[in-house]
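Participant: What follows is the residue order along each chain.
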Amino acid sequence: MSGDPADLTIAEAAAALRSGALSAADLLAAVRRRAGATEAQLHAYLTLDVEGAERAAEAADAALSRGEDPGPLAGIPLAIKDNMCTRGIETTSGSRLLAGYRPPYDATVVGRLRAAGAVIVGKTNLDEFAMGSSTENSAYGPTRNPWDPDRVPGGSSGGSAAAVAVGSALGALGSDTGGSIRQPAALCGIVGLKPTYGLVSRYGLVAFASSLDQIGPFARTVEDAATLFEAICGHDPSDATSYRGVPPVVRPTLEAGPEGLRVGVIAELAGEGNEPAVLAAFGRTLEALEVAGAEVREVSLPSIPYALDAYYLIAPAECSANLARFDGVRYGRRLPGDTVEQMMAATRRDGFGPEVTRRILLGTYALSAGYYEAFYGRAQQVRTLVIEDFARAYGRVDVLVCPTSPTTAFAIGERTEDPLAMYLADVCTIPSNLVGGPGISLPVGRDGAGLPIGFQVLAPPLGEAVLLRAARAVEVLAGFAARPALATSEAR
Amino acid sequence: MPVPIDIAKVARLARLALTPDEMEAYGAQLGAILEHAASLQALDIQGVPPTAHPLPMLNALRPDEVEETLEREEVLAQAPDRDGPYFRVPPFMEDE
Amino acid sequence: MGYEAVIGVETHVELATRSKMFCGCPNGFGAEPNSSICPVCLGLPGALPVPNARAIEATVSLGLALGAEVAPHSVFHRKNYFYADLPKNYQISQFDLPLCRGGHLDVEAEGGTRRVGLTRIHLEEDTGKSTHLGASGRIRAAEAVLLDFNRSGVPLMEVVSEPDLRSPEEARAFAAELRAVILALGISEARLEEGQMRFDANVSVRPEGGSGLGTKVEIKNMNSLRSLQRALAFEAERQTGLLSAGGEVEQETRHWDEAAGCTRAGRSKEESSDYRYFPEPDLVPVALEAALLDRLREALPELPAQRRARYAALGLDAGAARLVAEGDGYGPLLDAAVAAGADPRQGANWLTGEVTAHLRRLGITLADAPLTGAHLGELHGLVAAGRLSATAAKEVLAGVLEGEGTPAEVAARRDLIQISDETVLEAAVAEVLAAHPAEVERLRAGEQRLIGFLVGKVMQVTGGKADPRRVSEAVRRAAG
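Residue numbers (this note's numbering), protein chains in the order written: chain L, 1 to 492; chain B, 1001 to 1096; chain W, 2001 to 2480.
FYI, nobody ran anything at the bench for these hints, they're computed from the structure.
Note that beta-carbon positions come from the ideal geometry of N, C-alpha and C, so glycine has one too.
Do not take every clue at face value.
Derived, one-sided and incomplete: chain B residues facing chain W with beta-carbon distance under 8 Å [unchecked claim]:
1. Arg1015
2. Thr1019
3. Asp1021
4. Pro1049
5. Met1057
6. Leu1061
7. Val1066
8. Leu1070
9. Arg1072
10. Leu1076
11. Ala1077
12. Pro1085
13. Tyr1086
14. Pro1090
15. Phe1092
With a Cα cut of at most 30 Å, we get these calculated DSS-like pairs of lysine-lysine [said to hold, decoys possible]:
16. W:Lys2216 <-> B:Lys1009
17. B:Lys1009 <-> W:Lys2394
18. W:Lys2129 <-> W:Lys2079
All chains should be modelled from the sequences, with the hints used to inform the complete structure.
Facilitator: What follows is the structure in structure tokens.
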């Protein structure tokens, strides 16, 4: 077949595998070549599972040669963010504390992908314990943006986003607590979907903030994102917060187009806080939607300015408890100590990077005696207000839209000294984590420096069908086809 | 105004052996973040119920059935220190 | 001035579920170290808890049995503290929305009944076990600590009483009565020696008859009814001594040292109690449906107090009523025996006497013994018909407990059946009288003590299998 298989979409690759034009082994080899050509510069991966991937590709080829229909993901090379447990394969969450840790079990999503015949190429880099917006907080060094290696890929799922953008995986899983799928998708020029809270099992996802964390896919097209979503969603009895109903059916309406779609533009997030190029690309997309028959109107969500503050109390509070288990007793790196208390305190001081330490301290403070009501309790009340605001808006529109990130990819090191500035990178994505509804980012243009710009669509909880229909309409209208210069397997 | 914080107490509660310099730096950063968060204090939210979960769900329970356990060796292989079938740690400081 | 103690007891009870509280690991005592573990109870990264429905039902059953209000909406919280045997370094527990609130338990002690109010009943998870390695076995001297997480995540029910108890004896009686209720419900084996039931207590003292409350001290680490009583007695006396000497009681947590027989001050107060409770975000609230509550209410068994009252009404004295009501399996066995025709008092006497003694000799429990209610009914019938003597009945019981068969079978095999055939008996009497004409003459002349002599001879002739009462009657008739 013509062209490099690493540049295929999942749908194209699945068709080629089925027609016999391509074998899973060749597809894996092409993706490996791409990784070989890009990793030195990009550092998207922390671990490659060479043998496991080969076995999975062989199994997919064997099934195909027997004439079986092994499903849409069989033989497809995918990457997994390194905060999802993979049995026997190092899972560090980007933390020094978990260097060398090999979990004795697979996360539910990993099991589902394996069962679907997917080929898991490796584990991708992230901000330590998924805390960050740039992937600079990884203990193993930053991942770089495939469009400009001096810039960040976004975060915290920067490794997964960068791998999919350059073709060292055809799709990937990330986790999104405050935008960690959508923001790096925007900064890397690909599609990133955060499903409704509870639709994808969190079992085996190293927890950051339990009431906000959600696993979702990265892909190069909305259709591929839908395929991955279908493979990983559904009830899991091992996750008590897992949705027990039938997951939304997305495929029949995927191509329904924008006509009649009621689109609400979030006034508080689509204005002056954004870079001009971001606003321009966002405006062009809205015009195109309107011309194509969507009803576009502005919607105000007055609680939005408080959402960021509520998030930066709720998420650290939950993380301060979730990360308490990293104590050097049962697994991970241990520093010596004369007493177990000293050992734990030394291990944790050494094992956690500054951002994680900061959030643990913040969350511990927000929950401590005398401050709970003023901080954590109040933040949970604000969460209620945000949910009510969104519910009112969804009474009038089908989807809400705004830019995914107020800026395009920023320079490495630019914001590391200023935590508040870094937190502001998530201002557009955080509200939907508080609400629990799905959100998706897809590329709609580039700025003057050639950096991609993301467009975000949000829908009410369980509204994946209308979300993906709107996203697919935007994808068609935007016609974004650019690929980063780094997306080549040529030796450099 | 930045919020004053007893950072040494917070670090003790969080079991983090921070140096005095680190405490000072983190204390200042937390103060700034909490100052930003002070916007919440101005909101009139009396009577608004707190939300702990994005989706209203109840009674996610499991039947009382035994499931498979882990292989002890696979688990202990990850332990920083072990003694036969046990995890091993330094002695406890407090007599509780 | 006299002082009285004001005591509240917190009881932790490991529930007898098949699996642990938040995972499917087996909940059992005595497994190999670290063999009943999984990602959840070991606190591995990424693991998530799912509550055990049976543990919740068991807790609610106790609440219903004790007249507590079952919460329409109950929530699990995280209780945050670092401890090496607590894998997540937080315990999933309950805070302001426990499964049950209120209720009470009536306790008989010191000749009266005291109604002890309950504050709450909630559910949480147990910790792992630590073994301190070191020469003296004392924690401070330990060189290292070994951790076993088999117990980690075992469902642990906590019953908190109001400070309604007024003496160490009452506190002990409360704990014993609570244990009896728990055993009747079958929700825990409540074996104290295995740590399945453990006690903490709050105690203060105040001038006798006073209504105010003194400074309270929390005592931890009491693992038996006896140590609960001893620790409280020690502590009440310590506080009384302090106050009598014009001193003050310091509010603190103290630990009971069983070996030394005293309480000791624990860790200093600092911020050790800042548990930073917040709703467990990995779990959703529990709101039990009315139909389930109805089903649990209907399934409640007879409680020990009700059972004791019923046996008292059947004529058992208070001691026997308590023994039978609370002995493991005794109540149901007595009920079955009565249904099979046994006399309640006779049956209770057998159970609390010969049966208990012989089980102890055999080293088995009633549950393991082949004795049934029907056996006791049959035995009663044999005795009432004069075919077994009271002494022989005890021997028959021993045989039944040893698995020799039904009472009739045992009696036959051991040759214990009394002669009940009148013609046989009369023939024996006639034989004896004929052999001792002189004694018969003297009896007839009024020498009554010779009846004993002649009865003895008849018993000799019959090999001891005649009923002495009937022999005596027959001798009188024949000689009369």
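Participant: All the hints need checking, so say for each whether the structure fits it.
Facilitator: For each hint, the structure was consulted:
1. Arg1015: Status holds, d = 5 Å.
2. Thr1019: violated (20 Å)
3. Asp1021: violated (23 Å)
4. Pro1049: Because about 12 Å separates Pro1049 (chain B) from the closest Cβ in chain W, which is outside the 8 Å limit, the hint is violated.
5. Met1057: holds (4 Å)
6. Leu1061: Holds, because the Cβ-Cβ distance from Leu1061 (chain B) to chain W comes to roughly 4 Å (cut-off 8 Å).
7. Val1066: With Cβ-Cβ at 5 Å, under 8 Å, it holds.
8. Leu1070: OK, holds: Leu1070 (chain B) within 8 Å of chain W, min 5 Å.
9. Arg1072: holds (5 Å)
10. Leu1076: holds (7 Å)
11. Ala1077: Result: violated, 12 Å to nearest chain W Cβ.
12. Pro1085: holds (4 Å)
13. Tyr1086: holds (4 Å)
14. Pro1090: Since the shortest Cβ distance to chain W is 6 Å, the answer is holds.
15. Phe1092: holds (6 Å)
16. W:Lys2216 <-> B:Lys1009: holds (26 Å)
17. B:Lys1009 <-> W:Lys2394: It is violated: about 70 Å lies between the C-alpha atoms, which goes past 30 Å.
18. W:Lys2129 <-> W:Lys2079: holds (19 Å)
Violated hints, in rising order: 2, 3, 4, 11 and 17; the structure is consistent with all others.
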